[in-house]
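Chains as they are written, first to last, in my numbering: chain A, 1 to 96; chain B, 1 to 627.
There's no promise every hint is true.
[Said to hold, decoys possible] Here are the simulated lysine-lysine pairs, DSS-like style, with alpha carbons at most 30 Å apart:
{"no.": "1", "chain 1": "B", "residue 1": "Lys531", "chain 2": "A", "residue 2": "Lys70"}
{"no.": "2", "chain 1": "A", "residue 1": "Lys5", "chain 2": "B", "residue 2": "Lys531"}
{"no.": "3", "chain 1": "B", "residue 1": "Lys548", "chain 2": "B", "residue 2": "Lys609"}
{"no.": "4", "chain 1": "B", "residue 1": "Lys531", "chain 2": "A", "residue 2": "Lys20"}
{"no.": "5", "chain 1": "A", "residue 1": "Lys83", "chain 2": "B", "residue 2": "Lys235"}
[Unchecked claim] Far from chain B by the CB rule (all over 10 Å, computed), these chain A residues:
{"no.": "6", "residue": "Tyr21"}
{"no.": "7", "residue": "Leu31"}
{"no.": "8", "residue": "Ile48"}
{"no.": "9", "residue": "Lys49"}
{"no.": "10", "residue": "Asp60"}
{"no.": "11", "residue": "Tyr63"}
{"no.": "12", "residue": "Pro65"}
{"no.": "13", "residue": "Ser67"}
{"no.": "14", "residue": "Lys68"}
{"no.": "15", "residue": "Lys70"}
{"no.": "16", "residue": "Pro78"}
{"no.": "17", "residue": "Asp79"}
What the hints contain is simulated information worked out from the structure, not anything from laboratory work. Because the structure is a prediction, the values reported are computed rather than measured. Don't be surprised by glycine CBs; every beta carbon is placed ideally from N, CA and C.
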Amino acid sequence: MEFLKNNGFTQEEINKIVKKYSPEIIETFLLNQDIVEDVIHYFREFGIKNIPRLMLERIDIFYIPVSKIKELFSHYEPDSIIKILDYDSSLFDEIV
Amino acid sequence: MENEKTVIDWFLSSIDSASSALKESLKGKDELTTKIALIDSFFSEKVQEDPTLLEGGAFEQLKNKSFTEIKAFIESFAPTTNPEFVNLVGAAHFVLNSKTGIKIRESQLEALRELRDLANLKKASLNREYAEKEKDSTTLSSLDELKISLTSLTDHGVLDRSIIEKFFQLLQVEEKDKGAYLDAVLKYNYDQYQQLRKSKNVPSIMEKSVVKSQEQLTFEQLEGLFYQYGYDFSKLDSKYIELLLNETSSLQIEEIFQALDENKITCFKELENERYADLYGKRITNILLGSSKEIIYEVARRFEQSGVSKELLKGYVPILIEKVHERIPVTNKHTMKETKPMDSSSTNDELKIYGKHTDFAANLDLLEGLGFDKKTLLERNSTVLMLRHETLLKNVATLSLYEFPFAAKKVALTSLLVAEPTELIDRFIELGEEAYVLNNSSILWKVTNGTFERLYFLKHEGYPYSRELKGQKVLKLYVTRTDRPCIVKIGKDREIEIPDSKIYESVPKDVEEFLAHNPMSQLLDEYVPIKISRETLEDPIIKNLDEKYQATSLTYNLEGVVVSRKKLLRNYEFLRNHLQDNDDIENILMVSAIHNSILTKMEIDNVRKSLSKCYGEKGGNNGVLKK
């Protein structure tokens, strides 16, 4: 999970993520490191603020290729998406 | 070598050079023939047949020629023959073998023997030289044939393995130089193959691919296959190359690459960023070692049928393989140890990832059967699809037990990722949020440490803990966002912060104290049962309990205390099966009811009073449980 540090995650944030999810999910996560990093970069550029928290709550979102996320987000105003995801990540399923 | 188009010219040029050199060396071949014939004539039978050849002149001349002169003649073998000397040597041979009884001096006899031996040696030398010439002559013929093979290739013809091997053999190409030839050949073949596929004119010659072989895979073959199918071999780390060379064959690799190509799965060829070179190598090595043509076809079919782009397979590598090779480094184990302390009982098995194909197929079928949309599943839920099937089955069974609305398609997929949802569900139920958790299953994924304490506190103190969103009840963010201060809005303008310390002080710990050192409770700490059998439901005590105190299918109301009914039943069944000699029904029921609950002493007492009415005389067993 060292690559998360290179993407602005603190060790404490990484520890929480590893503690929350089963080793099975973490293993698959590591195998898709490039996809995960693409999503992190995209979210950051999009303006989403607390990406570590978002990952802690919805690690599954970070497996979705950026091209698909862009397609899903395209139906909404960016500000709305940012507010929703920063406020309550469970609403991700509502907006997409 | 400039480009693939001149590969054939390059080969032809090399062949022409070799042929010219051979022709030059063959020029003296005719002379050799003459010399050998000359020596043969020394031992001609003519002299024996006609001794007159020796009489007089020949023999006399032999006697007059010195040994040195004759020896010099034999060794020199001047192109033109000298009949006189030929006769002399013939005479010498005759004398040595003759039974004519011609008397010569012993020294002359010795000289004659030496001459004969010298002639034999020379003949042997000439014969060897002639054999070399013969070999060169054969090589020259083979080169001519090879040239014909190359010049007769059709427009889309590929360079066959047998042609390459023949070229290497005839031109005696050194091992260190073969790589450059193969590289050029395989790039040429790949281009030819691509053009051929476009024209859909694939002849049977394609079966004889350059590297198709059942033999031990070589470095050149592996490299060749990667380039042939458009994969960047140069980015493959040596650890993956070693694995592939030792653990697979060219047939297997070719089969997989072909299957990927035929199903238009190209996402694994791309390496957009050098930083991911190791991931690229890991993915492709995993697939080559652990996948099969059948798996690739089946996965591709599922994606196609669901209308999902196969580019998404990049995030689904595990579903293309049955089992990851044990030697493939999947995680940085040092990283895992830094972030998640492993206790002494943990083993390396926890860090292994397993091939997910079987799990994926079973999970997809299971979830589709539960009403989830296959396209959505594949596009957005790789995590759930790659759970171990047993895990997913257990989670589905658990949520089904608690009557989550699968039929109404209102169950969030993320809720299926939660490892042990029963405790979370029980807590929500016992805090009066049965309807909420059933209709908002995604909340299970969001619960963190402190969520239930905050919820308990806010509810008991009368603070707002939920709001309405689109006609649905939603928990306030400060209930689940325990990483943030609990700042509660009072009225329109006032906010207060409730410190977590105050919250934790207020939440009762009486259940923990009550159950401390209780072996039955300790059993439930170690194992979370989910099974509820018909036998348990038919148990007289449970039937009594249902009759007196069941509020909903999911709850009992025990003198004002809401207890999760499913929790009580599954714990009761489990503990009944683990009865010890001194256990009694009261203890088992109490533990089953209040384990993991947040209750005050008074509430615990209410529960006990209620339960006591369900066993004893009216309970049927007079307080004694039978094993």
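Practice prompt. Compare the distance between the alpha carbons of Lys548(B) and Lys609(B) with 30 Å, and conclude whether the hinted pair is satisfied.
Written response: 12 Å, holds
Item to complete: For the pair we were handed, Lys531(B) and Lys20(A), check the Cα-Cα distance against 30 Å.
Response: Judged against 30 Å, a Cα distance of about 25 Å means the pair holds.
Item to complete: Below or equal to 30 Å on CA atoms is what counts here, so check Lys5(A) against Lys531(B).
Response: 42 Å, violated
Worksheet entry | 10 Å Cβ clearance of Pro65(A) from chain B | Check fails; 6 Å does not lie beyond 10 Å.
Worksheet item: Can the restraint linking Lys83(A) and Lys235(B) be considered satisfied, given a maximum Cα separation of 30 Å?
Response: 41 Å, violated
Discussion item. Minimum C-beta separation from Tyr21(A) to chain B exceeding 10 Å: can you confirm that?
Written reply: Contrary to the label, Tyr21(A) does not stay out of reach of chain B, its closest Cβ about 8 Å off (not over 10 Å).
Item to complete: Compute the least Cβ-Cβ separation between Asp60(A) and chain B, then decide whether it is above 10 Å.
Response: 4 Å, violated
Practice prompt. Run the C-beta distances from Pro78(A) to all of chain B and say if the shortest one exceeds 10 Å.
Written response: 20 Å, holds
Discussion item. Just to be careful, I want the Cα atoms of Lys531(B) and Lys70(A) compared with a cutoff of 30 Å; is the pair within it?
Written reply: 43 Å, violated
Worksheet item: Taking 10 Å as the cut and beta carbons as the points, is Lys68(A) off the interface with chain B?
Response: 6 Å, violated
Discussion item. According to the definition I'm using, a residue is off the interface if its beta carbon is farther than 10 Å from all beta carbons of the partner; does Lys49(A) meet that for chain B?
Written reply: 13 Å, holds
Worksheet item: Would Tyr63(A) pass as off the interface with chain B, using Cβ distances and a cut of 10 Å?
Response: 5 Å, violated
The structure fails to meet hints 1, 2, 5, 6, 7, 10, 11, 12, 13 and 14 from the earlier list, while all remaining hints are met.
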